[in-house]
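A.B. asks: In the order they appear, the protein sequences are chains A, B and C. Using our numbering, the first residue of the first sequence is number 68, and each one after it goes up by one. Using our numbering, the first residue of the second sequence is number 68, and each one after it goes up by one. Using our numbering, the first residue of the third sequence is number 68, and each one after it goes up by one.
The hints are simulated quantities; they were obtained by calculation from the structure and are not laboratory data. Heads up, some of the hints might be wrong.
[As the list claims (entries may be wrong)] Derived contacts from chain B toward chain C, CB cut-off under 10 Å, selection only:
#1 Tyr-74
#2 Asn-225
#3 Ala-228
#4 Asp-229
#5 Ser-348
#6 Gln-383
#7 Arg-384
Beta carbons: idealized from backbone N, C-alpha and C, even for Gly.
Here is what each chain is made of, one letter per residue.
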Amino acid sequence: MNDGSAYGRKPQHPNRHLTDVGPGTPCGELLRRYWHPIAESRNVKDLPLRVRVLGEDLVLFRDRAGNAGLLYPRCMHRGTTLYYGRVEERGIRCCYHGWLFDVEGRCLEQPCEPDGGRHRDSVRQPWYPVEERYGLVFAYLGPPAKKPVLPRYDNLENIGADEEYWTTVGGFGSTGDASLAVAPYSWLHMNDNVMDPFHVHVLHSTLSGIQFHEQFALLPKVDFFYADHGVCYSAVRQLGDGQEVDRVSSWLMPNIMSVPDIQMRPGQSLGIAWSVPVDDSHFVMGMVMKVPRGAARFELRLSGKTWGEMTEEEHQRIPGDYEAQAGQGPISLHSEEHLGTSDRGIMMQRRLIEKQIELVAQGGDPVGAFFDPEAALVRIRSGNFYRGTRSP
Amino acid sequence: MNDGSAYGRKPQHPNRHLTDVGPGTPCGELLRRYWHPIAESRNVKDLPLRVRVLGEDLVLFRDRAGNAGLLYPRCMHRGTTLYYGRVEERGIRCCYHGWLFDVEGRCLEQPCEPDGGRHRDSVRQPWYPVEERYGLVFAYLGPPAKKPVLPRYDNLENIGADEEYWTTVGGFGSTGDASLAVAPYSWLHMNDNVMDPFHVHVLHSTLSGIQFHEQFALLPKVDFFYADHGVCYSAVRQLGDGQEVDRVSSWLMPNIMSVPDIQMRPGQSLGIAWSVPVDDSHFVMGMVMKVPRGAARFELRLSGKTWGEMTEEEHQRIPGDYEAQAGQGPISLHSEEHLGTSDRGIMMQRRLIEKQIELVAQGGDPVGAFFDPEAALVRIRSGNFYRGTRSP
Amino acid sequence: MNDGSAYGRKPQHPNRHLTDVGPGTPCGELLRRYWHPIAESRNVKDLPLRVRVLGEDLVLFRDRAGNAGLLYPRCMHRGTTLYYGRVEERGIRCCYHGWLFDVEGRCLEQPCEPDGGRHRDSVRQPWYPVEERYGLVFAYLGPPAKKPVLPRYDNLENIGADEEYWTTVGGFGSTGDASLAVAPYSWLHMNDNVMDPFHVHVLHSTLSGIQFHEQFALLPKVDFFYADHGVCYSAVRQLGDGQEVDRVSSWLMPNIMSVPDIQMRPGQSLGIAWSVPVDDSHFVMGMVMKVPRGAARFELRLSGKTWGEMTEEEHQRIPGDYEAQAGQGPISLHSEEHLGTSDRGIMMQRRLIEKQIELVAQGGDPVGAFFDPEAALVRIRSGNFYRGTRSP
Chain A
68 MNDGSAYGRK
78 PQHPNRHLTD
88 VGPGTPCGEL
98 LRRYWHPIAE
108 SRNVKDLPLR
118 VRVLGEDLVL
128 FRDRAGNAGL
138 LYPRCMHRGT
148 TLYYGRVEER
158 GIRCCYHGWL
168 FDVEGRCLEQ
178 PCEPDGGRHR
188 DSVRQPWYPV
198 EERYGLVFAY
208 LGPPAKKPVL
218 PRYDNLENIG
228 ADEEYWTTVG
238 GFGSTGDASL
248 AVAPYSWLHM
258 NDNVMDPFHV
268 HVLHSTLSGI
278 QFHEQFALLP
288 KVDFFYADHG
298 VCYSAVRQLG
308 DGQEVDRVSS
318 WLMPNIMSVP
328 DIQMRPGQSL
338 GIAWSVPVDD
348 SHFVMGMVMK
358 VPRGAARFEL
368 RLSGKTWGEM
378 TEEEHQRIPG
388 DYEAQAGQGP
398 ISLHSEEHLG
408 TSDRGIMMQR
418 RLIEKQIELV
428 AQGGDPVGAF
438 FDPEAALVRI
448 RSGNFYRGTR
458 SP
Chain B
68 MNDGSAYGRK
78 PQHPNRHLTD
88 VGPGTPCGEL
98 LRRYWHPIAE
108 SRNVKDLPLR
118 VRVLGEDLVL
128 FRDRAGNAGL
138 LYPRCMHRGT
148 TLYYGRVEER
158 GIRCCYHGWL
168 FDVEGRCLEQ
178 PCEPDGGRHR
188 DSVRQPWYPV
198 EERYGLVFAY
208 LGPPAKKPVL
218 PRYDNLENIG
228 ADEEYWTTVG
238 GFGSTGDASL
248 AVAPYSWLHM
258 NDNVMDPFHV
268 HVLHSTLSGI
278 QFHEQFALLP
288 KVDFFYADHG
298 VCYSAVRQLG
308 DGQEVDRVSS
318 WLMPNIMSVP
328 DIQMRPGQSL
338 GIAWSVPVDD
348 SHFVMGMVMK
358 VPRGAARFEL
368 RLSGKTWGEM
378 TEEEHQRIPG
388 DYEAQAGQGP
398 ISLHSEEHLG
408 TSDRGIMMQR
418 RLIEKQIELV
428 AQGGDPVGAF
438 FDPEAALVRI
448 RSGNFYRGTR
458 SP
Chain C
68 MNDGSAYGRK
78 PQHPNRHLTD
88 VGPGTPCGEL
98 LRRYWHPIAE
108 SRNVKDLPLR
118 VRVLGEDLVL
128 FRDRAGNAGL
138 LYPRCMHRGT
148 TLYYGRVEER
158 GIRCCYHGWL
168 FDVEGRCLEQ
178 PCEPDGGRHR
188 DSVRQPWYPV
198 EERYGLVFAY
208 LGPPAKKPVL
218 PRYDNLENIG
228 ADEEYWTTVG
238 GFGSTGDASL
248 AVAPYSWLHM
258 NDNVMDPFHV
268 HVLHSTLSGI
278 QFHEQFALLP
288 KVDFFYADHG
298 VCYSAVRQLG
308 DGQEVDRVSS
318 WLMPNIMSVP
328 DIQMRPGQSL
338 GIAWSVPVDD
348 SHFVMGMVMK
358 VPRGAARFEL
368 RLSGKTWGEM
378 TEEEHQRIPG
388 DYEAQAGQGP
398 ISLHSEEHLG
408 TSDRGIMMQR
418 RLIEKQIELV
428 AQGGDPVGAF
438 FDPEAALVRI
448 RSGNFYRGTR
458 SP
């Protein structure tokens, strides 16, 4: 008598191989081979910030000479967090006994020790390199000898005098507003969302009304393909009168996406986003878009409200990306998934990640980690490309 | 030198055999052989409800055709919770990719798959059967082949035109008001409270003032006895002038109680309550009473306040059932109990439960699980029965 | 390529030998050989208090005859907490079934049992001895046969008619105000703070402005020495014009400190404080000072605000003891410390504690545990001692 009863279900589990991000985990070591945005440059000032990324707690600050620094937070002397440290010209000074560290962890002063600390050079405060570009602070948490070049993206380069970068690091990518500093679920849920053009049809168009653009209500003809160091899809929709639009979206190793304009404006996508793991069950979206200077910032509204303003019933009746992804739990149970034809993009992504995990485990360098500055300019294929003409 | 010092106490532990309610645990499997109320019918509408029962998270809804459905919440496709699903005529549709499930877990549509999902019949969304009666939704979480008939109770049948069912599912049973949706301690604490006529004398009458009725201040002559598929007590109090009252209270396997009117009105008890485990350390009371239509609902007040209005000091100075039971901790440490003569009812209850656990483990059917609809009418012995006459 | 990268750090850990305080742990057993203040006498009344100390949950009350009692909270009958018990002339009565216990755990009544409980003398509610002195309630949680005399301190004795004891038990010692009932980190962080005269120079004077007294901005000449049953330091500062001040501070086994007046008033310290572990990662400071009757109570203010009034940014910009100590985490990771010359006092303290742990483990009595009432008068060396004269 198997009637599909929920009685006696077997225990299910996440694919930890893909969801664990801490030091020494397979995917954690893969992710550590790339640069990740951890903050907006404009927020990094003389007041230290707590940053949690890839399961590691760190402290981020900018010394008074202008250099951003990312340090292990516990002062190597007696463990007090540098979050309460004082930022100075040359670095950050622990509040407890005044040890002064520069942005690369060198101990410059130990004021309570004889002669200012005779052994202060023998150890260093653990640190990670950071670089700034496009208004974001990027960090590299991997082995020093494997540090790649911070890539450039062709759609973000050559910013005009009348343009600026619009940046955000936080929960914005899943909620569409600033309600959440951190999204409380696995980075993989967001990563799975990118090469999934079909949810756009259901979640964003049919089920919750038109969230983005009426075109999304049309079921597209979708083609997935490996490209560059990632996966793309081309979703072609017939608009009638001989016109069609090819919406190309890209995902790049290991957690990078470039989604075309959601209002279906034509041309190349002008944004890049990263699904940055905070830890196994939290992430932030780091995003940057090239926009006209002073343009009003997009904030998603469903039934006239931002995500943070909606009631619990409204979240149930008009779900969006957050509900769909957080609804998979803190970490989804992948063993009970039933993937179908429409999930081909996700399968391709996961396969590519798995392959790179193996490669890294064997000592190799994963795709998308560039060591030649010349090669580190990434071409973004994403965009809304209209073809054909409407009859007049 | 043994002066009773608290120094060097041995570690103590709950009787997990009776408190664990999850799948595969001895008591969990016993409890799964019975129907349990999980919600009031009037609250089950087109907005899905989260239900946690016996350690399992589920989603409860009513399709637009009127059928209540209880499903495993994670959509079998990619795991998004059906709590954010849309209720339709034929079932509930996942918000993410639109898979539609009926109340028995059949997948009716997969709109993003070719041909609407060629393999959609090969699996089912895990589900449990529900039935509605007396204004409550009952669920059966056990093996399909062992599903018993949902019993009827003689004191709730034959409702008159001028009567109605008063129902509640939540913390009401322990607090007397609607402050708590869930009581934060083991179902066994409440279960132990029923065949314990002596706490009525102390907790509800002497220590905290007269909470229910002045008669409870009289220490009764108590007789415990096994009856039907449970335990009863008869508590006889001499009222003077040759009159006596026999207060009969019942507990039925595995978590059912029928307590007589606490204002000592004469006659059969008109209510039934279930101590339904949410998980090992939480429970809800499901309650139904047959009352005159439009009767004012009882809400306990101590020193003029409902439980939720009392200050911490008032909870300490005027404790009630909640304080006595929550005060045993999330799960009591049964190994350190010192049961006495007055605890005989509890010992009888536990013995009966243990015996049925063993029976179920050996493949048998426990008492109180009926398979013949004719036999499934339970006689309720509970009531306040007055005898003799007061001299005029 | 070792550039001090934070990549590949080895896991670090606390010195559990010193931080664990529960029953049966090495340091927990050492701490159990001493009396600890657990409450202010004036707060112990007929309303039971929850007390957590050395990882044990207890209930503290004062019977109506005036005796303080400290009992294991779960009633030995059926486990309901005595926090909801009723305090009476002879003890505390459990709310559930009325068992009455005296302050030494004897069961005096069992009102629901035949004959008031024929076996009520066969067991006792677990209890610990308490004594009151200097306005504080002290408890002894160790083996009864090893119970020492509650010591007296010479600086607190012989209180004058115009003097009184100012007492507090809570987070005050780390915050300087009443914001926190319990400080959320290991007792050892506070204990490490005492024989650390150098942090006074940095944290309290240079980095956050002058918190206590301008003299602290002068780096002193420090001498550490073992004295009595603890460690002392003498910190000599040259005030100019031939005058110097010798600030002597004391720490006594296992968690006792006497810090001289922080406004640098001359003479012996008039206070004693205890860093009392609540559990492994929480503590309270018990403090008593002999002060002029009616004197205004000191409350630390930084930039005009009490600790509880400060914003997060102010806590970062003007850190004090709380930030320095809580900043070490719930329990510091001692394996990554880099102790220097200035940490000699801490090393001496830890060495003394370790030695006493070993002694206790071998069945001996640790220093500072007195068994002869005559010997149990402790001389306090702490104070601000001025020498030499300023030229006129």
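A.B. asks: Now, for every hint given, state plainly whether the structure supports it.
C.D. replies: Verification of the hints:
no. : hint    : in the structure
1   : Tyr-74  : 5 Å, holds
2   : Asn-225 : 38 Å, violated
3   : Ala-228 : 43 Å, violated
4   : Asp-229 : 39 Å, violated
5   : Ser-348 : 14 Å, violated
6   : Gln-383 : 6 Å, holds
7   : Arg-384 : 7 Å, holds
The structure fails hints 2, 3, 4, 5 (numbered hints given earlier, in ascending order).
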